[in-house]
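Here the protein sequences come in this chain order: L and Z. Letter 91 of the first sequence, counting from 1, is numbered 90 in numbering that gives the first Met the number 0, and no numbers are missing. Letter 74 of the second sequence, counting from 1, is numbered 73 in numbering that gives the first Met the number 0, and no numbers are missing.
Check each hint, because a few of them may be wrong.
[Stated by the list, open to error] Quick look at which bits of chain L chain Z covers, simulated, 3 or more residues with Cβ under 8 Å:
no., segment
1, 26-37
2, 101-109
3, 225-231
[Stated by the list, open to error] Far from chain L, some chain Z residues (derived; all Cβ distances over 12 Å):
no., residue
4, L39
5, D40
6, L147
7, L162
8, E198
9, Q242
10, Q253
If you're looking for bench data, these hints aren't it; they were derived computationally from the structure. Every residue gets a Cβ at the ideal spot worked out from N, C-alpha and C, and that includes glycine.
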Amino acid sequence: MPAWALGLLGLVVLVALVEIAPRIGLVPRRWFPPSSEIGAELVAQAGRPEFWTAVLQTLEGWAIGLAIAATAGVLLGLLLGTFRFAREFSASTIEFLRPIPSVALIPIAVLLYGNDLESELLLVVYASFWQILIQVLYGVQDVDPVAQDTARAYGLGPWARVRHVTWPTALPYVMTGLRLGAAVALILAVTAELVIGTAGLGQLLNNAQSSGAVAATYAIVVVTGILGVIVNLVFRAVERRSLSWHPSQRAEVAA
Amino acid sequence: MSVLRRVGMTLGLPVILLAAWWFASAGSTSFFFPPLSEILDSLVEEWFGPRLAADVWPSLYRLAAGYALAVVVSLALGVLIGTSRTVRALTEPVFEFFRAIPPPVLVPIFILLFGLGDGMKIVVIAFGCMWPILLNTVEGVRAVDEVLSDTGRVYGLRGWSRLRHLVLPSASPQIYAGLRQGLSVAIILMVISELFAAENGLGYAVVQAQRSFAIPETWAGMLMLGLLGFLLSLLFRLVENRQLAWYHGLRRAQRSS
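For reference, chain L alone in the conformation it holds in the complex (with noise of 0.2 Å):
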């Protein structure tokens, strides 16, 4: 059998599986719909617009979010990676802010802005932040010291030699950050709307289960997967186009 239909077997043995643990009993019913029920639901979900707002509200959160961490991230780090004092005295500081988890921020979010969407875009532009800049810093160290002095021997100046070395040669690497500056930006958008109560799909899942709409509770969940799911593959196919020239893409490389 070919991978796909592989694939997709595994995915119907997912949905069967779900369907009859909680008719046999293995889990409970109450806490746990058969996915017709949740099929259903999502359905019927997909039918009310207050839906569909909150689908566009969660996304307009991370869209925002992550062009936000995007541009300063790659500005910063294009800054800081062409010179060299700047990246060495940034190095420590960057090492200590980038592991501190971004839910750290949510009291000072809501002391701030309450449940606005600045709230949200403050957690998905932290979250996302790091994980661009550390590709950029990476990407513009991996310039080929041949390369810069030719166009610097060729009196290209500062702006030209960014233009046509540094950033062609950081490209696959900001690709690869704004795929994972994506996926974490979505997180960080649910759970911001999940705990803080900024308006979408988090927000409408704390009611679904708060209310004891079970059913509801689960669809949506499932929304969310499909959302990052989508999310994934428009990156990787938006990597793979906009690099199809580099040879990271003509073998595949793990991440």
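Model the placement of chain Z on the given structure of chain L, informed by the hints.
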């Protein structure tokens, strides 16, 4: 001189930033931004005082239990799945889906299934951080060097010793990449799982402080979380550098040749 320069380079910016924070906030009367001295007082008195045993240890215990559970399950499953092409193809889309679910949304579901106790929190942490570990293990096991694998077979390396001396070492760089990702997910979930009807824990205490508008305590709790994240990643790097010393050496040798 070079030692002095390195110390200056490492500590320079952090010292400048902390000093800037200290002096900028010194006379602060703003409600949301108390002076750093107050925050540090509260950090020492509260977080390194009574809260260390009451809130920090329970959090760390759940983190350790959940992470350990995820590691054991993912390594065992990862080796099994990685060695069979059929099983890999069968499970890949399912795992991709589970990995794509933002882990915090599982908290409401696990509350339904497991209640509000420690068990729920440990399961949330384990389930959330197992996917990066599992998928990286599968990938690492799949990519075992073919010549090495054949050589091992010729020499009669089988079963446990094959796993111990061939498969796991050659997959370990990938496995460590997954373990590192998993650790940061685990810390996030440790905090998130304590925001829902918990009785103790770091996440619970910080949010409690924020809701009662105890601003210096809130800031101190955030610093504590940051410190914890930093220390755990430092610890992780120490272990990784020890375990993967051979790999980093190999990479350096390949790059300089």
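Hint by hint, here is what the structure shows:
no. : hint    : result
1   : 26-37   : holds (count 4)
2   : 101-109 : holds (count 8)
3   : 225-231 : holds (count 6)
4   : L39     : 16 Å, holds
5   : D40     : 18 Å, holds
6   : L147    : 16 Å, holds
7   : L162    : 20 Å, holds
8   : E198    : 18 Å, holds
9   : Q242    : 18 Å, holds
10  : Q253    : 15 Å, holds
Violated hints are absent here; each numbered hint is respected by the structure.
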